[in-house]
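Whenever a hint applies, use it, and build me the whole structure from the sequences.
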Amino acid sequence: MSSENLIEINGLNFSYDTRAILKGIDMTMKRGQVVAIMGGSGSGKTTLLRLIGGVMQPSSGYVKFANQVVHELDRDALFKLRRKMGMLFQFGALFTDLSVFDNVAFQMREHTNLPESMIRDLVLMKLNAVGLRGAHHLMPNELSGGMARRVALARSIALDPMLIMYDEPFTGLDPISLSVIGNLIRRLTDALGMTSIVVTHDVQESLKIVDYVYFIADGVIAAEGTPKEVRASVAPFVHQFVHGEEDGPVPFHYPAQPYRKDLNLENDLA
Amino acid sequence: MPKRIVSNIRNIGHRTIESVWRLGIASRFFLLVLLKSGTSFRRFNLVIRELYFTGVLSLIIIVVSGLFVGMVLGLQGYETLQKYGSESAVGTLVALSLVRELGPVVAALLFASRAGSAITAEIGLMKATEQLAAMGMMAVDPVARVVAPRFWAGVISMPLLAAIFSVMGVYGGYLVTVVFIGVDEGSYWSQMQSAVDFRIDILNGFIKSCFFGVAVTAIAVFEGYDAPPTAEGVSGATTRTVVTSSLVILGLDFILTAFMFRGVS
Amino acid sequence: MQRTTMDLWVGLFVVMGVVALMILSLKVGNLNVYNPSHSYTISGNFENIGGLKVRAPVKSAGVVVGRVTDIQFSTQTYDAVVTMDMDSRFQFPKDTFASILTSGLLGEQYIGLAAGGDEVMLKEGDKIMKTNSAMVLEELIGRFLFNKAADDDSF
Chain A
-15 MSSENLIEIN GLNFSYDTRA ILKGIDMTMK RGQVVAIMGG SGSGKTTLLR LIGGVMQPSS
45 GYVKFANQVV HELDRDALFK LRRKMGMLFQ FGALFTDLSV FDNVAFQMRE HTNLPESMIR
105 DLVLMKLNAV GLRGAHHLMP NELSGGMARR VALARSIALD PMLIMYDEPF TGLDPISLSV
165 IGNLIRRLTD ALGMTSIVVT HDVQESLKIV DYVYFIADGV IAAEGTPKEV RASVAPFVHQ
225 FVHGEEDGPV PFHYPAQPYR KDLNLENDLA
Chain B
712 MPKRIVSNIR NIGHRTIESV WRLGIASRFF LLVLLKSGTS FRRFNLVIRE LYFTGVLSLI
772 IIVVSGLFVG MVLGLQGYET LQKYGSESAV GTLVALSLVR ELGPVVAALL FASRAGSAIT
832 AEIGLMKATE QLAAMGMMAV DPVARVVAPR FWAGVISMPL LAAIFSVMGV YGGYLVTVVF
892 IGVDEGSYWS QMQSAVDFRI DILNGFIKSC FFGVAVTAIA VFEGYDAPPT AEGVSGATTR
952 TVVTSSLVIL GLDFILTAFM FRGVS
Chain C
1466 MQRTTMDLWV GLFVVMGVVA LMILSLKVGN LNVYNPSHSY TISGNFENIG GLKVRAPVKS
1526 AGVVVGRVTD IQFSTQTYDA VVTMDMDSRF QFPKDTFASI LTSGLLGEQY IGLAAGGDEV
1586 MLKEGDKIMK TNSAMVLEEL IGRFLFNKAA DDDSF
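Same order as they appear, the protein sequences are chains A, B and C. Mapped onto my numbering, the consecutive letters of the first sequence carry residue numbers -15 to 254. Mapped onto my numbering, the consecutive letters of the second sequence carry residue numbers 712 to 976. Mapped onto my numbering, the consecutive letters of the third sequence carry residue numbers 1466 to 1620.
Think of the hints as simulated: they come from the structure by calculation, not from any bench. One or more of the hints may lead you astray.
Once the Cα atoms are required to be at most 20 Å apart in a straight line, the calculated SDA-like pairs of lysine to any residue come out as [stated by the list, open to error]: (1) B:LYS747 / A:ASP58; (2) B:LYS747 / A:ALA61; (3) C:LYS1492 / B:ALA850; (4) A:LYS64 / B:ALA850; (5) A:LYS48 / B:ALA850; (6) C:LYS1524 / B:SER898; (7) B:LYS747 / A:VAL39; (8) A:LYS192 / A:LYS212; (9) C:LYS1518 / B:ARG973; (10) A:LYS64 / B:GLY847; (11) C:LYS1492 / B:LEU914; (12) C:LYS1492 / B:ARG910; (13) C:LYS1492 / B:SER901; (14) B:LYS747 / A:GLU94; (15) C:LYS1492 / B:LEU886; (16) C:LYS1518 / B:PHE972; (17) B:LYS747 / A:LEU62; (18) C:LYS1492 / B:GLY847; (19) C:LYS1492 / B:VAL890; (20) C:LYS1518 / B:THR968; (21) C:LYS1492 / B:PHE909.
Encoded structure:
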């Protein structure tokens, strides 16, 4: 079972109006894997997550989740499918009007008829898994950025999903919180037998925890491989990205006319 | 400069088309909210929570403003009416102005700036911080779970607040004219009672405030849901809620008044 | 269901709102005086109704006993047919006198009923035969001047 593909993406195209965001993406993700999707800002990573979640419709191609083509589902089936998915938003997206406890309990109360005593036990278990059982009575505005994200993580595993998508889980965290989140992602994936997709541009942290990496640039997959292959890669784009070099295939300069011309130096020389 | 004129005209046209477009989206959203209102009635505690934020928290401003508006009406009415020796009709003046017009309209204007703006800001912020998207990913429809309860709470609160406003105004007028100035108490009430009609005045005022409640909260939830997910986006949407609903209240008031009171007294 | 203080406040708010509506209906308005579910309709022809309006009160001895529901112009008799809804608690003899009166000098106009002595009471759909038109200021002044002139002649 573990080798079965949970997600298959085939020839996926997506464009906003006429601007192509994704151009022919092919990916497969197996059960139990942690997969990283990397790429510069604006390369279409978040869009890819939304297509997997069925929030947007692809222009062509398809995303298959557990053998179901996501964009062909009707509303009810899509909502049913989404109960098997969790998503961790960039800054947690906790419901600010609910306490930590109620945030984690939210899905259980919405989707199940469990008695309140059982919900209480489950919520405390989920919170314990992220180490925040003691914070269950706090409100989201009393949490630090790292804690908020851990609560959001507890919330997204509330109904034991098959897949969790992380949208930039490492942004704006201090190094300690960062490795806490990284380790949690790996540990929870293994413990719950889920699949995790981590969209990030934090190379060093994610290479420590993932099984497979896709690099997206300009809407196509620029490179892919295991962390080991990626580290050793000599492909110029991957090398630039992994080592954080300023200039390379991704240029430092936004396309412009020649510098001298912009500064009106040519006339002076002439 | 013909070029500038052309571009100005183009701008006006563009804006007109844009607003008609938005009106269409807003109407569709309004229908969507109505269609997805089932959750609000099945789980009425969601609406009760919002009733607290829209209704209870608007009470103070409504009570205080109602009282003062009534006091001013009493004072001004007395000053004018006593010139004709009919200061005993001041009760009629206060009650009719409040029940027919000022109660529903001023309460709705206050409601738009107190509760409407809060609804817009809250929904807009939930959108900006991806709480609505997160809800959608948890297979919970944000329109049914977040928008519809707020809408219904507003619709329920508005007529109640307008009635409270009118009553406070009537007692405010009573305070000034009867207690302070010394108009006869009996004639204050009896003149009022013989002039204020249940169906024409009170029922129509009530219907007006129901219309205003629907309009204000519909605008507020739409602006919040439609707000660009940024700080400026949300603040702009909040301002638009207050401005648009104030204009809609006044426009709607004219139309409703024309329908309700044409041909009677 | 958990009870919260919020529920209490909301409950209080709803009670306040409903009480306010009741005060409006009963104390500010006149819902208690006039109950249209128990009523009978009568009508009367008036030569001139002056400023009488639909929904104007019908009073007897100063007490509201009914309300004007309709005013029509009759092309047969060339006068105004005023229809009134009467509270069925109050029965009036057949020869009751109806006149259009004004409350105060500038007040609203209403119909005043003065009961006659007939044994037979007015029933649903009956017509009041004895009516007295509204006082129209111009006529009043005209009559006053006419009388004055007549008085002068006699000297």
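Practice task
Take the C-alpha atoms of LYS1492 of chain C and PHE909 of chain B, compute the straight-line distance between them, and say whether it is at most 20 Å.
Solution key: holds, 11 Å
Problem - 20 Å limit on alpha-carbon distance, applied to hinted pair LYS1492 of chain C and LEU914 of chain B - result: holds, 14 Å
Exercise for the section: Take the C-alpha atoms of LYS1492 of chain C and ALA850 of chain B, compute the straight-line distance between them, and say whether it is at most 20 Å. Expected result: Not OK: LYS1492 of chain C and ALA850 of chain B at ~51 Å, beyond 20 Å, violated.
Practice task
Measure nothing beyond the straight line between the CA atoms of LYS747 of chain B and VAL39 of chain A; if it is 20 Å or shorter, mark the hint as holding.
Solution key: Holds, at about 19 Å.
Problem - Holds or violated: LYS48 of chain A to ALA850 of chain B, with C-alpha atoms at most 20 Å apart - result: Roughly 18 Å between the alpha carbons, so the hint for LYS48 of chain A and ALA850 of chain B holds.
Problem - 20 Å Cα cutoff - pair LYS1518 of chain C, PHE972 of chain B - result: holds, 13 Å
Exercise for the section: Compare the distance between the alpha carbons of LYS1492 of chain C and GLY847 of chain B with 20 Å, and conclude whether the hinted pair is satisfied. Expected result: violated, 50 Å
Practice task
Quickly compare the C-alpha distance for LYS1492 of chain C and ARG910 of chain B to 20 Å and report which way the hint goes.
Solution key: holds, 14 Å
Handout entry: Satisfaction of hint between GLU94 of chain A and LYS747 of chain B, Cα-Cα up to 20 Å
Key = Holds: LYS747 of chain B and GLU94 of chain A sit about 15 Å apart, inside 20 Å.
Handout entry: 20 Å limit on alpha-carbon distance, applied to hinted pair LYS192 of chain A and LYS212 of chain A
Key = Holds: LYS192 of chain A and LYS212 of chain A sit about 10 Å apart, inside 20 Å.
Practice task
For the pair supplied as a hint, LYS1492 of chain C and VAL890 of chain B, confirm whether the alpha-carbon distance does not exceed 20 Å.
Solution key: holds, 18 Å
Handout entry: Straight-line alpha-carbon gap LYS747 of chain B to LEU62 of chain A, limit 20 Å
Key = At roughly 17 Å apart (the allowed maximum being 20 Å), LEU62 of chain A and LYS747 of chain B satisfy the hint.
In terms of the numbered hints stated before, the structure departs from hints 3 and 18, listed from lowest to highest.
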